[in-house]
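Q: One line per chain: the protein sequences are A and B, in this order.
The first sequence lines up with residues 4 to 219 when you count with the working numbering.
The second sequence lines up with residues 4 to 219 when you count with the working numbering.
Just so you know, these hints were derived from the structure itself, not from any lab.
As the structure is a prediction and not an experimental result, all values here were calculated from the model.
The C-beta atom is built at its ideal place from N, Cα and C for all residues, glycine as well.
Warning: the hint list may mix true and false statements.
[Stated by the list, open to error] Just so you have them, the derived chain A footprint on chain B, three or more residues with Cβ under 8 Å:
1. 44-58
2. 77-87
3. 93-99
4. 118-125
[Stated by the list, open to error] Selected chain A positions facing chain B (Cβ under 8 Å, derived; list incomplete):
5. Gln71
6. Phe78
7. Asp109
8. Ser124
9. Ala153
2 protein chains.
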Amino acid sequence: MSKIILHNYFRSSTSFRVRAALNLKGIEYDYVAHHLRLGGHREPGFLNVNPQGLVPSLVWSDGTVVHQSLAILEFIDDVVPDPPLLPGDAHGRARVRMLAQMIACDIHPVNNLRILNGLRSRFGADDDAVADWFRHWVEETFAPMETMLADDAATGEFCHGDTVTIADLCLVAQIANNARFDVDMRPYPTLGRIHERCMAIPQIAAAAPANQPDAE
Amino acid sequence: MSKIILHNYFRSSTSFRVRAALNLKGIEYDYVAHHLRLGGHREPGFLNVNPQGLVPSLVWSDGTVVHQSLAILEFIDDVVPDPPLLPGDAHGRARVRMLAQMIACDIHPVNNLRILNGLRSRFGADDDAVADWFRHWVEETFAPMETMLADDAATGEFCHGDTVTIADLCLVAQIANNARFDVDMRPYPTLGRIHERCMAIPQIAAAAPANQPDAE
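Chain A on its own, in the form it takes in the complex:
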């Protein structure tokens, strides 16, 4: 068994999700930084690890390599079940995965660095147009998510009950990202309350971008 490695980047919100999960499970890992803005994820050495050239990638102690942050979160929860990051019942798991995917499929992919760069290079989008694009897709999902969380008795201190799940990890990472584009959080009091509760947990706070070795 060798050391666990997380290939990641301090500012990557998908990396934040995974760092938080590893911390909550008490799993030690080596932090390998790839500077996305400088193309560090396109180096041949890393492409051998992940042909997709994206972070995060997890190298487990048995050599297993897993890419895609939600797949990594589920894998970690499968192999280190305590504390659980998904509910024990099928209906609860469906709700948590749904909430996580609202962020992981409908916000993050359309707002990540390569897409924003594509808007600039292909369509001449300037800083204002990029920021407006970013905020639009956050709002398109955060508004219904606020409704769904506020109206459901299954919501507790966290997105689902009173324990942290993968939905919360996606939420805190997205809100950290939002800060760079001045997203107004006032229309989303439930999301804001859950975010605050999560960030009071030392293992989640320690996973935030500002607390990483490659933070600028």
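Following the hints, position chain B against chain A.
A: Chain B only, in chain A's frame:
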């Protein structure tokens, strides 16, 4: 127990994934079509079902509502385990989820109708620019996915071994979508072979867009 309902749209590739899963499990359902191009998903009646106003949404026989196609696939697999759509081991599940998410997070979200419409309305993108955008993000993921599948002994008749998993359902649905933008499949022989194998399965073929009641 009332009838199971799938809110969907014939051309939606995320709906295709879920229809195929329901068919493979032998689950009968009522097909409720929402015409995305005509804004059918924004009608108040549907927003009461899904505040996000997106398809697919599944209404289970006990009244449980699940949105987000990957969460729906996992829920269906949880409550109707046979035949399984995920491997029995944690490492296999991680690989299948990773492959599924490469499509579900890195291709589909950036290429769906609302994003392509956004490129037109915000940046004046014309048909050629939209098609080029679509193909670019398919290629960015299909190229490494071809490498990962071709180089791994875990790949079998399907993406993972010789049984259908959620990775295959995401793949066939994406390839159906690609046809509308003339994506050249020649660089991806493994993906093409798996697609062909999947489409020979009647339950998957029956879920294709052309075979739905609202097909145009």
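Q: So, for every hint listed, does it hold in this structure?
A: Tested hints:
1. 44-58: The restraint on the segment 44-58 of chain B holds, since 5 of its residues have a Cβ under 8 Å from chain A and three suffice.
2. 77-87: This one holds; 4 residues, not fewer than the three required, reach chain A with a Cβ under 8 Å.
3. 93-99: holds (count 5)
4. 118-125: holds (count 4)
5. Gln71: Given a least distance of 4 Å, the restraint on Gln71(A) holds.
6. Phe78: Given a least distance of 4 Å, the restraint on Phe78(A) holds.
7. Asp109: Where the cut-off is 8 Å and the nearest Cβ of chain B is about 6 Å from Asp109(A), the hint holds.
8. Ser124: violated (11 Å)
9. Ala153: Violated, about 10 Å.
Figure legend: structure checked against the earlier numbered hints; hints not met, in rising order: 8, 9.
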